[in-house]
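Colleague: Next come the chains, spelled out residue by residue.
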Amino acid sequence: MSWLKRLFSRRRIYGDLSEEIREHLEEKIEELVAGGMSRREATYAARREFGNVTLTEENSRLAWRWPLLENFLMDLRFALRMLVKNAGFTAVAATALALGIGADTAMYTIVNGALSWDLGLENRDRIVIVTSTNVTRSHDWGVSYPDFRDFRSQTKSLSGLAAYQMAPVNLSDHNALPERYFCVQMSANGFSVVGHKPLLGRDFIPEDERPGAPPVLILGYHVWRDRYASDPSIIGKTVRMDEVPRVVIGVMPPGRRFPEETDLWTPLISDASREKRDNRDLMLFGNLGDTGSLAATRSEITALAAGLVAQYPDTNKDITADVRPIMEITGLYFMKPLFFALFGAVGCVLLIACADVANMLLARAAHRSREISIRVAIGAGKVSIIRQLLVESVVLSIAGGFLGWLVALGGLRWFDSGLGTQVKPIWLHLSLDRGALLYLAAISIGTGILFGLAPALRLAKTDVHAALKDGGFGLVGSKFGLRLSNILVACQMALCVVLLAAAGLMIRSAVKVYSAPIGVNTANVLTMRLNLPEAKYAKSESWTAFHQNLSARLKALPGVELAGVASNLPLGGWVPFPFEFEGRTIDPAQPPEGGGLVVSNNYFQTMQVQPRRGRLFLDADGVAGPPVVVVNETFAAKFWPGEDALDKRFRILEDHLPGAWLSVVGVVPDILQNFRQHLQRDPLIYVPYAEKPDRQVFLVARTLVPPATLADAFRREVQRLDENLAVYEVRTLESRIAESRLTVSLFGAICSIFAVVATVLAAIGLYGVIAHAVSRRTQEIGLRMAIGASRRDIVRLVLAQGIRPLVPGLAVGLLLALAASRLLRVALVGVSPNDPATFVGIVIVLTSAVALGCIIPARRASRIDPLMALRHE
Amino acid sequence: MKSREQRDLFPGALEMMILRTLKRQPLHGYALAQHIKRTSNDLLQIEEGSLYPALQRLLKEGLVKADWGVSSTNRRVRTYKLTAKGARHLEHEVSRFEKMLEGITRVLAPGES
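If you read the protein sequences in the order shown, they are chains A and B.
Just so you know, we're using this note's numbering here: the first sequence kicks off at 1 and counts up by one.
Just so you know, we're using this note's numbering here: the second sequence kicks off at 1001 and counts up by one.
It is worth saying that the hints were derived from the structure and are not from the lab.
Every residue, glycine too, gets a C-beta built ideally from N, C-alpha and C.
A hint or two may mislead.
To be verified - Simulated restraints on C-beta separations:
no., chain 1, residue 1, chain 2, residue 2, range
1, B, S1095, A, A377, 25 to 35 Å
2, B, T1039, A, G381, 32 to 42 Å
3, A, R40, B, L1043, 48 to 58 Å
Said to hold, decoys possible - Anything over 10 Å on all C-beta distances counts as not near chain A; from chain B, calculated:
no., residue
4, M1017
5, R1020
6, A1033
7, S1050
8, Q1056
9, R1078
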């Protein structure tokens, strides 16, 4: 601990040193006096011989110091003093930085959480998805069970291949109310392919997937914890899943929800329908193992698929297979460009804030050149001045970073509450973890150096003589300083244009989406989902009976006007149906395909839809008389262009077998159903429920009172009919629609906030530069006025200065924005990435911001009194 | 600002001379300065003050040690002594210096390549 002792004994060392030097001089003087000199002369001589006493002492002390650390501490003390002294400047700069750093950190948290989400896989880069596709119709990915079996037995490049299918199920037992979960039916090797092991109990074994095997079930950790209170004795107990008793054999560890957001797993058992080679509804995942490569696996699987085409031409004609990394299949891959766009946007905000602070520092540099000159004159080196100024800017940015931490916390909380009550995606990470704090610290220090470097380098160039002599600004070529400021402002404007473009496009999308009429009256509609378990409701008659019964009970509730069922809700997609039209020949392998909904006969009345042509469904439709169908306007226009669709006939092909002829009895206006493209008008048919009953439906009810107040009554009615049946998603139609539009509104809101902050920061930056330029040109302006310039000329002069960075800023910004808006494409609805209206809007907004930034300094300049200005020193 | 004299001495030269002087006998600062001046025949224009930073460095490195005492002229003085470590350091430095000097001399010698 000698260094510690030294630290405390330093005062004594310095004391010894001073005394020693004093004694030295004394001794010398005495000697000279003894030699015959006068005392005064001797003192001078002694000092002359000795040299600079103070410097010697200083240099001697240096031996005992840690120069780097101590200089740094001194710089730090000085920086803090300067920042406190200029409290106004500090507050504005730190706020600008806090906005930039805070938004950046919050976005980092979200993007990093999303992109590092690994689906609960340690080896996500080795896991692939195997798909099979009909080359003539490219939207199906499923694989049939027989094809899966052949792939699995013949593949050599995959170390394992498993199949799964996901389905919602009802789980009931005596522990809690019936609940709905996502269950994955998975081939018994599924967990071993991805390397997962159960926390309790056992994994599936091949015996579990034989037809006739006793039904078993593995629980997800959260189900075990929440529903069974983490009871370890659950293993071996029986629960009812969709009315079938199943023995719980295992519990998975926390965070293990592969392949999707799975709650429960059961073995995938083949049956007669799965044994059909053209029943392609399984997803396959495989492990490349330690040595396999994606390319080799892809060519192997493609070859196997080609072999199957030759072997089973009836079922496998045109069927090819492909292999892709699993990370490309998840929803996040689709969102990736959007994440990068947002991250880029927030980075722009930070850069704009940095440029602002840099400009403020540059302006202040002019006023500090005298201080710097004095420090240079008394011996400060260039390096130490730059170091001092950098310490100052880093201290400033750290203050900004601390405030930014608060901004990030607040922003994430705001985002969290903006998401509302709905279920958050599993990958959404909304808390600042250690990584985010490290990131915050890094960008705080980084921005400090970034915005501090240019002003520091400029100040270090201060011409000492000029600054001290004439009391002027003393900057070498002060025009250069102004040019640097102008370049910074132009960069800010360019970045601002990019953000405005993103915000403008998102806002236009949001406006288009929100202003598009859905086609139904969404107010006062309550909806819920039902899934009748197959074990208890085997026959379609029982489904019809249950749904009719329930609809009648709901309608009888006070406050309910009408109640019916539908296979899909508005913006909720549709069921694909292949068709055959009367009087037209079709290629049986490629029938025309369209979408359809199965609805109860009172659905249109419940949704308050009026027919355009013909009639709506009557009570008897689908029950008695010839089968009928209602189509939407797009369907009528697409398949019978220029003709009347009424009384035209077509039939649905199910498993290539034609159903009964359906005649069109009505044409209804388009109701928006596409859940991805919210403005898309798909050709759709509506089939009476009695014609195609289903176990899974949505219940819809038009109410006379606020619909949410009836939610509990609806649940009770379902429980009265079947106490083991799970009801879920009891929600108003309006909240469902709001949720499906969430992407547009949320991203729109985020982009808008960024754009507003960026524009304000850019305007402030411009204001600062112009105001500073005006204050420096006071004398010149006075002179101009004295020789006859009008106030209008002066305003024009100042505005010209503001316009100068605008033109290059706009030009570069528009080019960047055109490139960047492509990233946003996935989130845009009904708007082209180069939407002209948006880009015209940007030019107007930015020009107005420039005008606002210039107006105050311009007015100030035009009020300069020439006499005062000319005397002004 | 560095004085010309200091610039002309190579780094470590002053320290070497101090150590060499102290090897003969312990001295206090003033006496040390006078001794170096005298023995160098005033050829080296050393400011007396420049001794002290060098002494502090040597103290810190543990090459010399210092004690307060009273001189023969009844003055309070701080006497510096060479430590064992200092003696070793001096030997090493001197041999290094001699090698360097030999090298320089050979280059400067006329007629030889």
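Colleague: Would you mind marking each hint as holding or not holding in the structure?
Modeller: We went through each hint and held it up to the structure:
1. B/S1095 / A/A377: 25 to 35 Å: violated, 45 Å
2. B/T1039 / A/G381: 32 to 42 Å: holds, 36 Å
3. A/R40 / B/L1043: 48 to 58 Å: violated, 30 Å
4. M1017: holds, 17 Å
5. R1020: holds, 20 Å
6. A1033: Label violated. Min Cβ-Cβ 8 Å, cutoff 10 Å.
7. S1050: Since the minimum Cβ distance to chain A is about 6 Å, B/S1050 lies within 10 Å and the statement is violated.
8. Q1056: violated, 4 Å
9. R1078: For B/R1078, whose nearest Cβ neighbour in chain A is about 5 Å away, the distance does not exceed 10 Å, so it is violated.
Comparing the model with each numbered hint stated earlier shows that hints 1, 3, 6, 7, 8 and 9 do not hold.
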